[in-house]
Every structure is written in structure tokens, then in C-alpha cells.
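Novice: Here are the chains, one letter per residue:
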Amino acid sequence: MNKIETEFLDVPMDFRIACEAFGIMVPDFLQLIIRHVSFANLFMHDDSEYDLATKAFVQSDDKITKAQPDLKGKQTLGEHGKTILPHIRSLVKLSMNRSYSKTMKREKGRKITDKLYRVCSPHIKHKPYLYLNEETKLTLTKDFLLVCLIHQFSPTVYINALMQCISLADLYARQHLDKLVYNAALGFYIRVQHGYGHLMDTNHINTLGFKDFILDLQEFDVRYFFIRDLEKRTAVYRARLEEVFEEKINQYYDGE
Amino acid sequence: MMENKINKLDFKPDFIQACEIFDLEPHDVLQKFIDSVSIPYFIANPMNPDRWANTFMVECILTRLESEELLERYSVFFDRITEAVLNDMENKDQVAREIMDEWHRAVLEDRIEDVMKKQ
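In order, the protein sequence lines correspond to chains U and G.
Under this note's numbering, think of the first position of the first sequence as 268, with each following residue one higher.
Under this note's numbering, think of the first position of the second sequence as 29, with each following residue one higher.
Hints were generated in silico from the structure; no laboratory data involved.
Ideal Cβ placement from N, Cα and C applies to all residues, glycine included.
Heads up, some of the hints might be wrong.
[Said to hold, decoys possible] FRET-style restraints, in silico, Cβ to Cβ: (1) U:Glu509 with G:Phe43: 39 to 47 Å; (2) G:Phe84 with U:His312: 40 to 48 Å; (3) U:Asp445 with G:Lys145: 47 to 55 Å; (4) U:Asn470 with G:Asp116: 48 to 56 Å; (5) U:Asn473 with G:Phe84: 23 to 31 Å; (6) U:His461 with G:Asp138: 41 to 49 Å; (7) U:Leu447 with G:Glu97: 15 to 23 Å; (8) U:Asp445 with G:Asp116: 22 to 30 Å; (9) U:Asp468 with G:Asp51: 41 to 49 Å; (10) U:His461 with G:Asp38: 34 to 42 Å.
Using the sequences and the hints, build the whole thing.
Specialist: Given below as C-alpha cells:
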């Protein structure tokens, strides 16, 4: 289990490959998924990108706990329960209301979340932005900060854990060995890869480098069919993806 | 050498058409494919430019690997080939060939046993 960096945003190579190989810029992807976090979706379920984004962060709890069980913050909201609970109850009630559409529920949920945020904001110690590097700033939404507060993880830890959930090596190894598991972060990523959010650089998709990358990827299952162990298959895929990314894709970025 | 059953093959019109237009003997085309298939070599040299017959063969193999029973029964051979390739042994194709020869013998023995049990 990879260690989760707590001080700064640490982009793992697997995540960088998943994004840049498909012409998606890492900051654009992170900003999109953060903007899609909907606190109300913690209490309801639908098949929207908002649901996937929210569940993606919550699901990465497991990754953090396995890597560093002591990382959970010490802050609890118990003593502010009286002011917080009514809003939580409203969200639960809203989630059970069958007369609203999913979009309406989300909109009404956002209004309740705004009220909740006003109550909780004095207890949120994190700034509403984070720097990916000196030049790139990510804006953190109210919903995202609330999800962080409720789950007692800092935005940095949560984003770092989320990035570790997105790996093409893991995705294809699982797919080829028929061992797929629910992974909301990957679900959101696949929607972006299929065009959601219009983040993909179409010029990149037309490069020879990208076509060579895809051709190579398409042969993985055949080339490594004899490796039946998931961990070993993932490691082999990872090594080859890094190799072919360096050879075919990085050239394109370097040439810009 | 296995018995040649090529006369029993059903040639589809598109295959015959391609052969006739370009003056190819169906037998020669199939022979070229057969001669190019070597799974131990492919396992050891997956990037070889001349790999297309092997990739087609593995595509056929993949459908058989959906059987849990087969995977469990012969997992030891998969593991040994994996070890040989991942540890970057010298003469990988030779090692893979030896393992596949053993695997082949094990499959034939199992089939004989299955037939005996049914009688």
C-alpha cells in the first residue's frame, strides 16, 4: 500500500499516465472532480457524475486507512451536533423523497448544504484552495470542504488518496483477469475519458504517439495472458505503460 | 506430426476469393500460419514484429481461459511460466517450451484418466 503524502499534492505516475496519455491535463481533471463533489450525494445514490465524484473521495477512505491508520484528524463535530444535525436530517429526508427528480434533489440538497456550510465553516481550518505547483491553483468547493470535515481528512490527503485510486494498469489487469471491483474514482475518470467535461485535447488524440500507445495497450491481454496473478499482472502492465508513455506520449508534451 | 485434416476444412467464399485473386494456394496460406505459431517463442518475445499468427492463436486461447476449472487445474504451469518470464531467465523460450511440454503431457494424462473413469 502506497504512503499518502500529507503536506503537498503528490501526483502518482499511474494517475499522470491515465490523464496525460489520453490528453487530459492533471489540474483540469482534479478541478473537475472537486467541483462535482456534492455533499448531498453522501445521503443518496444516482448514476450521475456528481455521485461518482462524491463516492470517489469517500471510497478512498479505505486506501488512506490501510496505508496510514493514524491519519484521521482528531477534530469531531459532536459538540456542535445541535446546530448541525437538523441540516443532516433535512438531507436524509430529502434523499427519501420520491417526488423529486435526481437533479431537483441535488439542487435542493445544495441549498441545505450551503446552510450546513455556514454552520460548519468556523470549524473548517483549511483554505478554500490548494496549489498543485507554484503556478496551478485548485479551488476547493464548499461541498468538498464539508466532505473533508465530516470524514476528518485534510483536502491534501483526500486528493492524494483519490489520485492513487486511478490507474490504467490496475484497471486493465482487473478487466483482463475478470476481477473488476467497484471503483467510483475510476468510474468518473472513464466518463471523462469518454468525453465528459470536454477535457481531452483532440489534437493529442490525433497524434501518431497516441495511436501507437493505444495499439500497444490493445495487445496487453494477449501478450501477458499467462500471468494469472493480479498483482503480478498489474506490475507488468505498469512497467510497460510507463515505458510506452515515455516513448510515445511524453515526446508530444516535450515537443509543445 | 498430427493427422492432416485440411480437406475437411470449410473454406469461406471470401477466403477463396482472396486466394484466387492473388493466386495463393489455400494450403500454403494455412501452412504459413501454422509454421508461425509458437507460443513458447511468443511468450519470450512478445514484441517480435512477426507475432501476428501467435496473437491470433492467443485470442483463441483466451476464450478457453474463461474456464475456472482449467485455470485451477493447470495454475502451476501458468505460475512457472510467469516466474521464468518475470525473472528474466536466460533462454526464456527454451524454459517456456520445457514447461509447455510438461503441461502438454499433463493434459494428455488427465484426458486418458478422464476416459478411463468414464468406462
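Novice: Under the constraints set out in the numbered hints, which ones does this structure not fulfil?
Specialist: Of the numbered hints, 3 and 4 do not hold.
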